[in-house]
Each structure stands twice: as structure tokens, then as C-alpha cells.
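Participant: Using the hints, position chains X and E against chain D.
Residue numbers (the working numbering), protein chains in the order written: chain D, 1 to 375; chain X, 376 to 652; chain E, 653 to 1225.
Simulated from the structure, these hints should not be mistaken for laboratory data.
The reader is advised that the hints may include incorrect statements.
[Claimed, not checked] Calculated Cβ distances over 10 Å to all of chain E for the following chain D residues: (1) 122; (2) 170; (3) 293.
[Stated by the list, open to error] Which stretches of chain X does chain E cover? Using the computed rule of at least three CB atoms under 8 Å from a CB of chain E, they are: (4) 571-577; (5) 620-628.
In this text, all values refer to a predicted model and were calculated from it rather than measured experimentally.
For every residue, glycine included, the Cβ atom is placed at its ideal position computed from N, Cα and C.
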Amino acid sequence: MSDMEETEGAEGAGVPVAPHRVIGTPPPSPRLLGSAPVAQEGSETALALVSDEEEFQEHIDGLPPDDPQVIVHGKRAERVVVACFLLTFIAGCGFVAAYVGLGVHTVDKTLRSNLALGFSMSVMFLALGLGALIWVRHLMPNVEVTQQRHDLRSDEKERQATEAYFKEGTANSGFVKRPLVRRTLMLGTLPLLAAPVVLLRDLGPQPGTSLRRTVWRPGLRLLVQGTNQPITPAQFSAPGSMITIVPDGFEDNQDALTKAAVILIKFRPGELNIPTRYAGSTLISTMNWTVDNIVAYSKICTHVGCPVALYEQTTHHILCPCHQSTFEATTGATVIFGPAPRPLPQLPLTVDSSGYLVSKSDFTQPVGPSFWERG
Amino acid sequence: MSWINARRRRPAAGYAALLLGLVVVALVYGALTSQGGVTAASAATGTQQDIAAGKALFQATCSSCHGLDAQGTSQAPSLIGAGAAAVDFQMSTGRMPAKEVGAENERGPVTFTQRQIHDIAGYIASLGGGPPIPTAEQVDPRNGDPGVGYELFSANCSQCHGFAGAGGALTYGKDAPALTAATPTQIYEAMLTGPEAMPVFADGVLSPQAKRDIIAYITQTRVEPNPGGFSLGRTGPVTEGIVIFLGGMGFLVLISMWITAKRRDPKPTGPTGTEQK
Amino acid sequence: MSRPAVNSDTDFDVSKPLKGTAGWLDDRFGGARGVRTYLLRKVYPDHWSFLLGEIALYSFIILLLTGTFLSFFFVPSTTEVVYHGSYVKFDGIRMSEAFQSTLRISFDVRGGLLMRQIHHWAADLFVAALIIHMLRVFFTGAYRKPREVNWLIGITLFALALIEGLFGYSLPDDQLSGAGLRIFEGVLQGVPIVGTYLAFFLFGGPFPGHDIVPRMYIIHVLLIPGILLALITAHIFIMFWQKHTQMPAKGNTERNVTGQPSYPYFVAKTSAWFMFIFGALALLATFAQINPIWLYGPYTPVAISSASQPDFYMGILEGSLRAMPAWEWNFLGHTVSFSVLIPFALPLGIVLGGAAFWPFFERWATGDKAYHHINDRPRNAPVRTGIGMAAIVFYGVLWAEGANDVLADFLHIPLYTVTWIARVLTILGPILAYVITKRICLGLQRKDREDLLHGYESGIIRQLPDGEFIEVHQPVNEERRAVLEAKPVLALMPAPGSKDDNGVPPPSARGMLGKARAVANRAFAETVPVEADGHGNGHGPEGAGEEHAAVGSAGTPAQLPSGDSSDEDSGSS
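The shape of chain D in the complex, shown without the other chains:
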């Protein structure tokens, strides 16, 4: 490997002598020493010098440029193009003027400003495009060119040369010949694979049991959303009433409301027929959780969590507008159509000492969309 002979170019023309080199360095190529690249015999690579005439065959359609028809046509087209570009200019000035002259800060003024700015900008661009298009189609000659495609595939000799050099390089690197080096390298980089997991662990807390609970607890008052007033059964006495409920103390807490929003419905006597149901040993629905034919269901759809807000008084259907899961409100919000897999959880209701509706306890099952650990 310690080649110290003089290198000679293939044609041997004026190639400088190689300097003294250290053992192990590869021999210099003639190129590095500043000589002109020597064309290899017989190679037809994509970089070979093919003349423009071979590469491109040009063909121009139409009359020659000095033909009177072409001149007249050209003059006409030129007028149109010039008009377009002048229009562009005017629109552009209009844009600037509208920006400077028209203020915003009210809905009406924003409308005017948007209209003026947008319209002038549209005219600007469209006129520019139109002018450019007519220019190319009517002022430029109709040129058609055919270009040769070269083989995308490298020729066999090049492939072999690359393969050979790569093999040589690999062999020289010792990567193959020294298994201990190779394996310890891979071993060393192995922990890096855990980097995404390790570094991103603190993105968020573990879910734990937080999905199983909401903020509802015994004795928490039901407040009417928006007015934030507590509610008595007497106030909610008209059959067919429905209202959105938020828990007392969490009226503006979006994290809590995502699971704690409740829909309250009032029925006529005899309409409600909630069965006593269990999930395993846990009671999940019963008539005992209603007060005076008033029932409270979770407003969070058991499909993917939209507020299931649409209530039809006549059919007693609670419809979720996202994917049309439909729940029958008189029988414990059982699913009668749509993709929701489970009925809406029922919130146990009772009345506190002041007569206001309060929750008896939290929901007895997880609220909202299903998840793996739900049970």
C-alpha cells in the first residue's frame, strides 16, 4: 500500500510526479494534482459532452416574424398585454391606497377594507397572469422542442466500479473484519433508541385513574350554565324542559367541564322508566337517582366526547350532533342509533337542605369516550 511510484495519466501528458507520501494513504488521482480531467474511453455517462443539436431538436411553427400578419397580430397582442400590465399597476396602487386609507376596528369597516384590499390584489394578480399568458401565447414564437431521454440506469461498467470501490472501502475500514469493534459500536448506540421515549416522557402526566373520576361529589350544587345560578325542582317544573348544567365552583374550568358537563331533563309523571342497571357490582342507573321526574345525564357523549346536547322533547331522544349517536332519555339514555357504544352515565341527584338540586355522588362509571383501562 505504500505506493510511491510516480503516477502517470493514461495519455501520459504533463502529469506531475506524486510527492513523498506516508504509508497507508491512497495514491493521489491526477485530478487532485490540478490536471485537466481526462475523458475515459467509451464512457457514455450523463455528463458526457453531447452537443445541443443532438440533445434538442427544435421546431418552430407558424409564419416567420417578419411576416405582415405576424406583425399585425403581434401589435394587437402587445396592446392587450400592455393594457393588462397597466391594469396591474393601477390595481397595485389601489391596494396601497386602500391599505393606507381604509381603517378597520369594526365589522363594517373590516368588510370594506377586506373588499378593497382583496379586490385590488385579485385584479393585480389576475391581470399580471393574463398579461404574461397572452405574451407567451401571442408574442413569443411557437417553439416545440424534443429532448432526448438518456438511460437513467448507469451503465454496467460504472456500476461495477462503484461496487468495487465500495467493497474496497468497506474492507479497508475494518468494519467487517473486526467484529468486536462493530458490535461494540452498535451496542454503544443502542441507548439512543430510547431517546425519544426518555426525552419525551415529561410531555404529560400519566393518566392514572383521572379518567375514571369527575369533579362531582356528594352535595355539589348543580348550576345552570351561563347564568351560574343553582336550581330547584320547582324552577325546573315544566315538562319537556332541558338545560345544560355545570358543577358549582367549576363554571369556567374547561378541564373539569370536559367530563363534568351535565344535561338536565324534566319529564311528565309516568314517562320516566329508568331500569336499575349494574356494571359488575356497581350500580349505574336507577330511578332513585331522579328527583321529581328530573333526571341528570352526563353531557359527554360516550362515542368520542362531544357534548350530546340535542334534545327532542317529543321523541325523548338525546342526539349528539357530531356523529348522530342517539340516546333514549326515558330509559336511562340507552343507545338507539349511532356509533356510541354505551348509554350516557346517570348523575345521582338529590336535593340539599335549601331545596337546590345537588349531586348525591360522583358518576359511578367513567364518563365520556371508551379507553383501554375502562373495564
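Facilitator: This is chains X and E only, laid out in the frame that chain D set:
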């Protein structure tokens, strides 16, 4: 060659195919669009009006479905306890007298004068009470806060009526109407009495002030200009998607065809070349 | 034909600035030849459908420009503030800073609403153009060798564009997009084993939390645009290097590409195209309101609107969520909700996965390993076109179902009926589409063969000596003939059970996979053969020569009336 194939080139074949297609589409569409649900009883109260005149009008127009004493029949519910507000709402929006039994009643032409409607409302109220017709001051949107109204509307109304009151679909062919035509009084009455499938929002749960806030939100939003251009129906991204494909892509595809069209330059022979793009 | 001459007396002489600036650059970088052959003279084939990808490209550039503007004003924070700004209806209302800053852009920044609307319309146009472009590439078979890698890059671009759009329109934290985020979180939560962890890590806790908007922001303005930019550059460079495909035409072969040179023709055209796209978007932003967040209001998890749809490109996911019936498994303390998982994974998985897999499947099924630089006419590839139409119908049915409540309201069809129709059509529609499309393609091929062999119906009526009227058929002209004849003929692979001369069964047809391959191959190879001379199948011996003026072998003109009818106006010269 099959029977149809052999006749495919006859002049009538094209017409037959077209007719078949039209008939199929019509049958399918007719089968799909069904009648709506059942009208609901509504709870309301009444005020003192010219009860006798109201009674006469009632018996002439409404009793055929609602019974001579408004006790209800198989075709229509009892109006005892329905109240004046319900009557005023249903009749002033033209929903009553109903044109079809069992269908969802939509807003339509009003066939009675306001005086007559109030008379009938008074008669019904005298039968069993129910929510009264609200006063002008009660429903005045100028006394309402549209911001609070927005919060109440979005939690209790927009799921049926749309975020800007453009209306929406309910089950079994019913729909929640758009809120563009309703007067403040009618909006108030609807909340109060819960017509048809709409739930009831009694004063105990949504106070008159809360109702005014909602009315303020609705009335202000529906006349609010659209600063971004045409509203595209205020139903959200569905119409936006239609516009971008049919409008945007359609326009651009036509332009692209123009850009790449074959040029027709002036030709050497024939009359003077005409200007063609 | 002489080139237009440069008149040095009157024309502006570009050689001086060229020698100046360009020379300075060339001294340092070289490449005069490269600039000439690879840039200036590069040939671009001229077909309108080749401009569709550029719609996506230029929309992307417009998105970058308008997005940069917006990023100077938008505040990616969910910190709650009380509003006291220009949109007085919301005075006193609590909202996030993100929403407030979007209101400020809309109503307090001149041109802000315009920029917002151009940005959103451009995003819609970007995805729409990607879809149409992908379909064009598919139906013309331009994904075949050597362009498979570019096809895969394209699909990746499409998937990234969907996520980019989703995050983009969710940034303002308005009621509509917030509901969409809630759905996204609900779906994520339902993924088995890791779902709740994924949801909590992405949102920084339970929904909605305070981390999602800043995180979406950085993904939306930095991470995905960076990847998009890199992939788009690769996509264009590959197209550049391999040269564009071209449509079948006279003189077009697999060894050449015909069109207009880049400079000045294509540069001018593409610049005009950019202006038209920008102009169209500006026009939309002026006259068509999009994403009016002030009407949606700030997000709260207790409220929802009817007609809550995501932007159209999410429609397929939304529709599958609506069409899917309820289906859930509970076992051993765990719950798996298929009514959520299947819509999440299956439809887009089928469409995108199928698209990615298709070039390789087609190669396997047809045994076609050749290079393809000439596009197919869709009718000449009936199975491909049929499958493409089936995919479109599948996608389209679910997309339409995503708007089912709007459709129900608008067309007065009951709500559940729309869903039932979608459920049936999701399965039935693609099957019907495939069958019908394939038959249409074969029918069109038959028509082409008729034209080729017997000429086209010219509309000229001729009376035969015995009184019968016939329509004269004219032979197709040279250009048309080249197009009609440019039809790839796929050789049938050896069937299973056949043996070659030495009694060896073919390797390609071995085993279950081999049998499947043979079935696929037979389907792909079904075509209407074009024979340049004589009459093909389907022509009986009777009447064939009398129904139209005989053309005989290819190319001989029909016998035209030569002035023997007195008042006939033979318009052809």
C-alpha cells in the same frame, strides 16, 4: 346480441334511457324524503282578551283537530294549559292552522290578523292557564347582553339551530328552523313554550333577562355583515369544501386548459388571420 | 425556420449584464453548460393536467408567505383573558389568548382578515390540488417505473398535508375546531394499551389542558413545513432528473420528451399560472368568507353546534365515524371500541396504504418491468381505472356522509336514512364503480378500435346506387392515429397448471400466491386488441362492408362523393 343491444342505436333509445334515469331518481328521492314527526303539546299560559270572539274563531278553525273544547283528539293534542304564548307563537308564525296532520309544521303564511290571534290565545288561556304572551319590553333585545346570550345560545340552542342560527337537521325528517325570520316575541315564546320537538326553557331556569340576552345575540348576529365576503350559508366547512372544488379547482382547471392549449397562429393561406386565443 | 433575430440597434442587449453578473457567478461556481442544458433549455411537456401539481406547489408557497404574516400576530396560548376588543359583541366574554389574537388579526390588523382567508383557502386548495394531482398521476400510470419513489414521496406529502391542515385550523381555539380536537383526543384515547398515555402526553394532561395549542403551533409552523419543504424539493428534483412523462402523441416515444423549453416559454407560463392561482385565491378571500371564528365563538367543552364538520379533507374520517355502527368489546377489565378504531384506521389506511402499495401490486400482477415515460390513456388500463374509480367512490361516499346532517337538512332526507345509505354504499358503491368503469373503458377501447379500423363517422351522408343512405367514415388523421395506437399490450403471464417445453411449471404461478397472481393477471390483461389490418372479432360477414364506406386496410381513404350529388355541399376540400 341481446335485445337491448340490438336496439341501442334507435332514436328512441336515448330518450328511453333518460326517462328511466329520471324515473329512478324520482322514485328513490320520493321514497327517502318522508314526513316528519308528531306535533307536541306545549305548556303555556294565557292573558285576558276578547274570549268570546276567540272561542268562536277557535271553534270555526281549530276544533276540527283540537276538539270543540280544546280537549284534543287523535289528530291533535289538548290545548288546555297550553297558554296564550304557545297559541301566539304557533299562529303568528303560520304553523297553525296545520296543513297536514302529523307532519312537522313549518313557518308559513299567516292567515289571521294579530287581533284574531290574540283573541284565540285569550280563549285558550281561559281554559287552563299557561304561559302568557310576553310584553314588548320583556323581549326587547336592547335590554340584553349579546355576549352572555352567546354563551347561553351556544350551550343550549346551537346544537339544533346552528352556531349562527342557520338551522339544522333533527331525527326522522324534522328540522330545527333557521332563526332569520323570527321576531323577538316569537323567539321568547318558543323558548317559553317549547314548540314541537324543541325543549321548554321556563322562566325558572332561563330568566327573562337570560332570554333577552339570547334574543339580543340572535337578532344581532343575523343582521351582522359578513366581513369576509359571502357567508356561504353560515353552515361551516361543508359549503367551503364545495366552493374550493367547484369554484376554485374548476376555475383553475379551465385556466390550465387555456395555458396549454394548442396555439392557432395566423396561417399562410386563406383570408386574413382572425384573432383567436 | 429561422429564429427571431436580435436587432442590436434597437433591442436591449443582454450580453453586457450577462457577462457581468453571470460571469461573476460562473467564475465562482461554474455550470454554464448545466444552466443551459438542465435549466434554460429543459423541455416541459404541454398538457393541462401536468399543471395540477403546480397548483399544490404554488399554494404551498402562498401558504408560507401568508403564514409568515399571520405568525407575527398570532399568540399560541390558551391563557384565559377577558375580551375588550373591536368585536364588541364579545365584550366581557372569557376566551383564550389564541382566540383573542385571531380576533385581533381579523378586525384590528389591516389586511389581517384577507391574509387569514387567503391562508385558509390556500390550505384547502393545496389539499384539493394534491388529490386531483394524485388522481391524474394514478389514472395515467405515471407512478410506474422509474417514478415509484416519487409516488411514495407524494403520498407522504399528502398525509402530512392533512395533519398540517388539521393543526392549522385548530390553532384559533374556536368552538368548531375545538370540537374537532375533542374528537381527535377521544379517538386517540381509545387506542388499545397506549391510547390514554398518547392522549395525555400530547395534550399535557386531560383534555383540553394548556399545552396543546403551543405544541400544535410549533408543529404547524416549523416541524411539518420543514419536512414538507424537504420532501417537495426532493419530489421536484426527482421529476427534474427523470424528466416529466408525456402523453401519447405522434412523435412521442419512450426515448424522448417533447414540449416547450423552460426559458422563456415555460418560465413565462408557469409565472402566469402562479399569478392566476394567487389571483384566484385572492378572489376567494375577497368574496367568500371562510372560517368565521367570530361566529363560532371561543371553545368551551359544554357547547356544540349542528353542522359541525371539519375541513373537507378530514371528511372521510368524519364520515366513517358517523357511518360506523356501535361496536365495542369489554374483556378482563379492558375496553376496545371498534366503533372508534375502525373509522380511525381503516378508510384512510385503505386509501393511502392501497395507493402506496399499488405500483408494486400492479407490477406483480402484470409482470410489467419496463420503464414507462409515456402515460396511459385511462381507458387503456381498465382495471387500474376501475380500481381508481372504486377508490374515489369509497372516499366520496364517506366524505359525503361526513356532511350527513347538512345533506339531511338541505335535501329533506331523514337523518338516519342518509347514514343507512352511506353504510350500504360504502361497500356496494366501490364494487359497482369498478364494474361499471371497467366496462366503460372496454367500450371506449372498442370505439377506438372502430375509429382506427374503419375511420370515424364524418357526418357526410352518401347515397348508394340502390338508394340506401350510408354515413361515410373518414380515416383518422396521423396525430389521432398515433394516439389511438399508443396502447400498451400486456402479455399474459403463464397460467398455473401450464408447463413449458421441459415440463416445468412457471415459477410465477406457484402456490396460493401464484394462483392469485394469475387471477389478477387475467383481469389486467383483458383488453380490446387493436389489429391494424383486417376486421377483428365481433364483425359478422354480413353487412360489414355495406354499413360504412369501406376503408379496407389501414390508411386508404374512404370513397368520397365526387360531386355526383347535385345539391350536396361537400365542405371538405
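Participant: Would you mind marking each hint as holding or not holding in the structure?
Facilitator: Tested hints:
1. 122: violated, 4 Å
2. 170: holds, 25 Å
3. 293: holds, 24 Å
4. 571-577: The restraint on the region 571-577 of chain X is violated, since only 0 of its residues have a Cβ under 8 Å from chain E and three are required.
5. 620-628: holds (count 7)
In this structure, the earlier hints numbered 1, 4 are contradicted, and the remaining ones agree with it.
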